[in-house]
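Based on the sequences and whatever the hints tell you, model everything.
Protein chains: 2
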Amino acid sequence: MRGKSFEVTPYEVKGEVDYGKLIKKFGVSKLNDKLLRRIERHTDDLHLFLRRKVFFAHRDLNWILDEYEKGNKFFLYTGRASTKGSKVHLGHLMPWIMCKWLQDKFGAEVWFQFPDEEKFLYKNEVTLEDTKKATYEDMLDVIALGFDSKKTHSLVDTKHAGLMFPQAIKVAKKITFSTIKSSFGFNDTNNIGSIFYTAMQAVPAFLPSVLKKKKIPCLIPLGIDQDTHFRISRDVLPKIGYYKPAILHSVFLPPLTGVGGKMSSSDDSKAILTTDSPAEVRKKINKYAFSGGQHSVEEHRKKGGNPDVDVSFQYLKMFFEPDDEKLKKIYNDYKSGKMLTSELKNILIEKINVFLNQHQKKRKLAEKRIDEFLYK
Amino acid sequence: MRGKSFEVTPYEVKGEVDYGKLIKKFGVSKLNDKLLRRIERHTDDLHLFLRRKVFFAHRDLNWILDEYEKGNKFFLYTGRASTKGSKVHLGHLMPWIMCKWLQDKFGAEVWFQFPDEEKFLYKNEVTLEDTKKATYEDMLDVIALGFDSKKTHSLVDTKHAGLMFPQAIKVAKKITFSTIKSSFGFNDTNNIGSIFYTAMQAVPAFLPSVLKKKKIPCLIPLGIDQDTHFRISRDVLPKIGYYKPAILHSVFLPPLTGVGGKMSSSDDSKAILTTDSPAEVRKKINKYAFSGGQHSVEEHRKKGGNPDVDVSFQYLKMFFEPDDEKLKKIYNDYKSGKMLTSELKNILIEKINVFLNQHQKKRKLAEKRIDEFLYK
Numbered sequence: 006m007r008g009k010s011f012e013v014t015p016y017e018v019k020g021e022v023d024y025g026k027l028i029k030k031f032g033v034s035k036l037n038d039k040l041l042r043r044i045e046r047h048t049d050d051l052h053l054f055l056r057r058k059v060f061f062a063h064r065d066l067n068w069i070l071d072e073y074e075k076g077n078k079f080f081l082y083t084g085r086a087s088t089k090g091s092k093v094h095l096g097h098l099m100p101w102i103m104c105k106w107l108q109d110k111f112g113a114e115v116w117f118q119f120p121d122e123e124k125f126l127y128k129n130e131v132t133l134e135d136t137k138k139a140t141y142e143d144m145l146d147v148i149a150l151g152f153d154s155k156k157t158h159s160l161v162d163t164k165h166a167g168l169m170f171p172q173a174i175k176v177a178k179k180i181t182f183s184t185i186k187s188s189f190g191f192n193d194t195n196n197i198g199s200i201f202y203t204a205m206q207a208v209p210a211f212l213p214s215v216l217k218k219k220k221i222p223c224l225i226p227l228g229i230d231q232d233t234h235f236r237i238s239r240d241v242l243p244k245i246g247y248y249k250p251a252i253l254h255s256v257f258l259p260p261l262t263g264v265g266g267k268m269s270s271s272d273d274s275k276a277i278l279t280t281d282s283p284a285e286v287r288k289k290i291n292k293y294a295f296s297g298g299q300h301s302v303e304e305h306r307k308k309g310g311n312p313d314v315d316v317s318f319q320y321l322k323m324f325f326e327p328d329d330e331k332l333k334k335i336y337n338d339y340k341s342g343k344m345l346t347s348e349l350k351n352i353l354i355e356k357i358n359v360f361l362n363q364h365q366k367k368r369k370l371a372e373k374r375i376d377e378f379l380y381k
Numbered sequence: 006m007r008g009k010s011f012e013v014t015p016y017e018v019k020g021e022v023d024y025g026k027l028i029k030k031f032g033v034s035k036l037n038d039k040l041l042r043r044i045e046r047h048t049d050d051l052h053l054f055l056r057r058k059v060f061f062a063h064r065d066l067n068w069i070l071d072e073y074e075k076g077n078k079f080f081l082y083t084g085r086a087s088t089k090g091s092k093v094h095l096g097h098l099m100p101w102i103m104c105k106w107l108q109d110k111f112g113a114e115v116w117f118q119f120p121d122e123e124k125f126l127y128k129n130e131v132t133l134e135d136t137k138k139a140t141y142e143d144m145l146d147v148i149a150l151g152f153d154s155k156k157t158h159s160l161v162d163t164k165h166a167g168l169m170f171p172q173a174i175k176v177a178k179k180i181t182f183s184t185i186k187s188s189f190g191f192n193d194t195n196n197i198g199s200i201f202y203t204a205m206q207a208v209p210a211f212l213p214s215v216l217k218k219k220k221i222p223c224l225i226p227l228g229i230d231q232d233t234h235f236r237i238s239r240d241v242l243p244k245i246g247y248y249k250p251a252i253l254h255s256v257f258l259p260p261l262t263g264v265g266g267k268m269s270s271s272d273d274s275k276a277i278l279t280t281d282s283p284a285e286v287r288k289k290i291n292k293y294a295f296s297g298g299q300h301s302v303e304e305h306r307k308k309g310g311n312p313d314v315d316v317s318f319q320y321l322k323m324f325f326e327p328d329d330e331k332l333k334k335i336y337n338d339y340k341s342g343k344m345l346t347s348e349l350k351n352i353l354i355e356k357i358n359v360f361l362n363q364h365q366k367k368r369k370l371a372e373k374r375i376d377e378f379l380y381k
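From first to last, the protein sequence lines are chains X and U. Letter by letter, the first sequence follows residues 6 to 381 in the numbering used here. Letter by letter, the second sequence follows residues 6 to 381 in the numbering used here.
Honestly, the hints are just simulated from the structure, not real lab data. A portion of the hints provided could be inaccurate.
Identical copies carry no separate label here, and so any pair may be met within one copy or between two of them.
[To be verified] Lysine to aspartate or glutamate pairs mimicking EDC-like chemistry, simulated, CA-CA at most 16 angstroms apart: (1) Lys219 with Glu72; (2) Lys19 with Asp230; (3) Lys275 with Glu134; (4) Lys137 with Asp240; (5) Lys220 with Asp71; (6) Lys179 with Asp193; (7) Lys35 with Asp153; (8) Lys164 with Asp338.
None of the values given here were measured: they were computed from a predicted structure.
Quick look at the structure:
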């Protein structure tokens with residue numbers, strides 16, 4: 006498998022990602038056990054995302070903890086670039102759930118960016134009305150995750166441009182088009198809005214420092230494909246008087262259809278959406294979830310399944326089964342052939358539907374809470 | 006003289022400009038007598054800037070009058086990119102005085118842009134604090150010209166970014182970096198803020214249409230060197246549902262030192278600033294104003310002077326002597342040798358000082374009126 010090619014950019018994830026290689030290529034650090042123990046000293050336990058290395062790499066996380074231990078609390082920055090026809094799926098939730106857990110454990114503020122101009126600028130067919138509608142829907146998902154409204158501030162780029170643009174130009178002055186070309190693969194046919202955009206994306210990483218008139222450390226949990234944007238921020242922010250943001254990188258939740266690439270909501274067969282009904286979840290998992298099982302029950306009982314390539318097992322491991330003992334038993338039972346693919350899928354379906362049932366109730370309640378979360 | 010080379014870009018004016026050639030090169034239309042008569046039907050008289058072809062070319066001015074005659078009033082758009090070490094000089098006032106006159110005669114709204122990010126983005130050494138301070142000073146000059154505060158709206162880019170940025174991205178989406186390269190001579194080393202900037206500059210040309218939810222014609226009086234920015238606006242605005250702005254182009258007020266280039270306030274010897282004292286004006290005119298006179302009084306009496314290259318005469322013609330008969334007499338007297346250079350300079354010094362005395366009083370009063378002119 007090592008020899009297979011893969012590609013990870015902010016715009017595309019292709020092939021089966023070799024995360025070991027990616028760590029070297031991107032020049033990030035592995036989230037090792039020593040660092041996990043250091044986190045645990047402050048949090049008592051470790052979220053399964055950390056325990057199981059769903060978040061597997063970082064930049065400057067030790068520094069974030071140094072500062073925290075000196076009494077200089079960090080804030081968290083995450084976001085969502087809403088667009089037409091792309092609803093929130095389980096993969097999107099991972100950095101947000103990570104933020105929520107870190108908020109709870111470290112009492113950290115969360116700054117949530119909704120760059121409603123990004124997809125408008127990048128995609129010909131997407132209008133600002135499309136991204137505004139989608140932003141509203143996506144905010145419901147964020148709020149439903151249970152963030153503390155007193156410590157969570159949403160920035161919607163077109164709504165908060167009065168605050169953000171005067172900061173974005175400070176960043177923009179330090180970024181040449183050469184940098185944009187080499188970082189994002191742009192050329193002269195790209196529009197000047199998309200060229201400027203990365204400056205807007207950098208703003209929440211230092212805006213709290215501007216507002217409080219002191220340098221505050223920033224930690225950004227993200228899918229590793231988004232690292233490029235923040236490599237630029239890390240380069241520029243010290244030049245304008247702020248800290249480099251620290252980063253915590255996650256792997257991609259695999260698409261239903263297999264372990265390559267990342268979950269995408271533009272293809273129904275690949276993603277579980279937060280708005281899916283129990284029947285849709287059942288149908289999608291049964292129909293599409295790539296199985297590590299054998300072709301017949303007899304063969305499966307005899308040879309056993311392969312949980313390491315089985316998408317249902319991966320979802321349990323990466324997201325839905327927090328109990329390490331139970332997960333281990335499922336692993337062994339599936340590998341030995343004691344547990345059939347249909348049984349494994351049923352466990353996952355049940356878990357997802359319990360989660361989505363709760364999420365959708367909270368999502369409904371969130372409709373009345375949007376304003377609470379907007380920065381004022 | 007025809008053979009001499011000259012260059013006119015938004016960033017530099019070099020050499021003795023051949024305005025006839027420029028009309029062809031830029032593809033603009035000459036402001037001919039027929040069109041002047043058409044304006045006069047609405048205004049009863051013609052400002053000396055029009056009568057004497059200081060504003061000498063246009064784009065779509067006939068269309069502006071067509072719409073006006075149908076009852077669809079135009080608005081005016083002008084601006085000033087404030088920067089460190091560049092104070093307002095007489096040349097800057099020309100498009101603004103033109104706007105004030107058009108406001109009075111046509112009852113037009115004036116939208117005045119102060120893009121306080123522009124020079125910050127274009128010049129390494131300029132800070133946002135510099136441009137903000139300079140913007141304040143420059144607003145005093147604008148207000149001092151007597152605009153109607155009920156019909157005049159100032160936009161300061163960093164203050165009004167909340168309003169402007171969501172419109173600028175609509176423009177930006179339609180402009181590629183190729184266009185910026187060929188229009189402004191940019192390359193890959195330019196920063197992404199300066200690349201984006203022309204989108205911000207386009208906004209006031211359609212913002213009133215956005216706010217009033219109907220298409221309103223826009224007329225932009227400007228020095229012809231600024232035409233490039235608005236060629237792009239004219240190309241893009243119809244693509245996003247608004248009218249092309251019409252343009253009224255002026256020649257450049259020559260620098261004190263001669264008829265080539267344009268007045269510049271970064272060199273003391275070249276410009277009369279609005280804040281100059283009577284003694285400074287006297288000194289600058291006497292010392293620097295390029296003279297069309299002869300080397301001795303005797304020679305001047307015999308051969309006469311050349312008013313066509315004499316800067317003092319040009320300032321009287323382009324700005325300070327509205328009376329055509331008086332101007333003609335000065336021309337003839339200087340040409341015949343009856344009027345000496347010192348006498349001609351004294352006439353100009355007196356005129357400038359009367360103007361600046363009034364202007365500086367109104368400029369002082371303007372300190373309390375800034376808020377009245379900010380768009381709210």
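Going through the hints against the structure:
| no. | hint | verdict |
| --- | --- | --- |
| 1 | Lys219 with Glu72 | within (14 angstroms within a copy, 54 angstroms between copies) |
| 2 | Lys19 with Asp230 | within (11 angstroms within a copy, 49 angstroms between copies) |
| 3 | Lys275 with Glu134 | neither (26 angstroms within a copy, 51 angstroms between copies) |
| 4 | Lys137 with Asp240 | neither (31 angstroms within a copy, 27 angstroms between copies) |
| 5 | Lys220 with Asp71 | within (15 angstroms within a copy, 58 angstroms between copies) |
| 6 | Lys179 with Asp193 | between (19 angstroms within a copy, 13 angstroms between copies) |
| 7 | Lys35 with Asp153 | neither (30 angstroms within a copy, 64 angstroms between copies) |
| 8 | Lys164 with Asp338 | neither (52 angstroms within a copy, 64 angstroms between copies) |
Comparing the model with each earlier hint shows violations of hints 3, 4, 7 and 8; every other hint is respected.
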